[in-house]
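Given the sequences, and given the hints that come with them, work out the whole structure.
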Amino acid sequence: MTIQPTPEQLAFQQNSQLSALGFSQRQPCVQLQQWVQLYWAVQVPEQADVSQAHALYPDGGSNLTFDFIPNQLPAVYFQYTQQLSQRCFSAGQHQLSVRFHATGAFQLLGISPGELATEQLDLRLSNLVGLDWLLEQLANSSDLPTQLTAVECWLLHLAERMMTNTSLVQKSLHLLQQPAADLQHLYHQLPKSRRQFERLFKLETGLSPAQLQLLFKVKLARFLISKNPLSDLATVAQQAGFYDQAHMHQHFVRITGQTPGQYKKRKMSQFSNSAG
3 MTIQPTPEQL
13 AFQQNSQLSA
23 LGFSQRQPCV
33 QLQQWVQLYW
43 AVQVPEQADV
53 SQAHALYPDG
63 GSNLTFDFIP
73 NQLPAVYFQY
83 TQQLSQRCFS
93 AGQHQLSVRF
103 HATGAFQLLG
113 ISPGELATEQ
123 LDLRLSNLVG
133 LDWLLEQLAN
143 SSDLPTQLTA
153 VECWLLHLAE
163 RMMTNTSLVQ
173 KSLHLLQQPA
183 ADLQHLYHQL
193 PKSRRQFERL
203 FKLETGLSPA
213 QLQLLFKVKL
223 ARFLISKNPL
233 SDLATVAQQA
243 GFYDQAHMHQ
253 HFVRITGQTP
263 GQYKKRKMSQ
273 FSNSAG
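Note that my numbering gives residue 220 to position 218 of the sequence shown, counting from 1, and the numbers run on in steps of one.
Read the hints as simulated data drawn from the structure, not as lab findings.
Note that this is a predicted model, so its numbers are computed, not measured.
If a hint is listed, it holds; no wrong ones were tucked in.
Using C-beta positions, here's what the derived DEER-type ranges look like: (1) T151 to R126: 15 to 23 Å; (2) Q49 to L232: 31 to 39 Å; (3) L133 to A182: 38 to 46 Å; (4) D184 to Q272: 31 to 39 Å; (5) R89 to M270: 23 to 31 Å; (6) T83 to Q240: 25 to 33 Å; (7) H187 to C90: 37 to 45 Å.
Simulated crosslink set (BS3-like; lysine-lysine; CA at most 27 Å straight-line): (8) K204 to K173; (9) K229 to K267; (10) K229 to K269; (11) K204 to K194; (12) K173 to K194.
Glycine is no exception: its CB is placed at the ideal position from the N, C-alpha and C atoms.
Written as structure tokens, this is what we have:
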């Protein structure tokens, strides 16, 4: 049986090279964990080397990012993309971001990834309850823990306005994260038709169940390779829920832009440098 990585483990594996940019992360409070994976922040030193671009791998999640500007209210935008992308930072940059689970933005913010016209939305145009208050709080504080507390209080306020019942789509995510998950079994257990469910799933996550399941499998494969770069790739494929190594190779390349072997070689190099 494969042990599922926690969101903070996955985030650390992806972002461990960002320490020189003042990268930090924190788990949300228990009340928000069904919607929020984690919070992350960068506070880039003025002398930092910002020449390197950092890969962001799609996993079904989305980001709400606050970009701090001296003597102004922070810019705030919602980002959703399920394509491999690169992120660059600039010297002196300060950002704070909320990383949502696949349904989190729809549940808390009322934003449907499946209906976004662009990959980035200026949230100041959305008239979200309490957002103006939050931006004032963030502008008046330069202390990251205080800023995180303000963001979390705002999200808790949004959560209190919601119905407490977990959505049908949200309930299905736990099954899709299991390596041996059978979509046909899921469809047979639904209280509504497959077509109705897939339409609702697309509205809340921007993806079909099959697409999100593949992202979860590749994410788990990345975690297993990062955790033990000496792992046999055929074993990784089996543990991540792929039919075979060739099946993993096909989807790994499409989603990450590199082969599992290339990813493994890079992680082995990082492991060797760390050991050295």
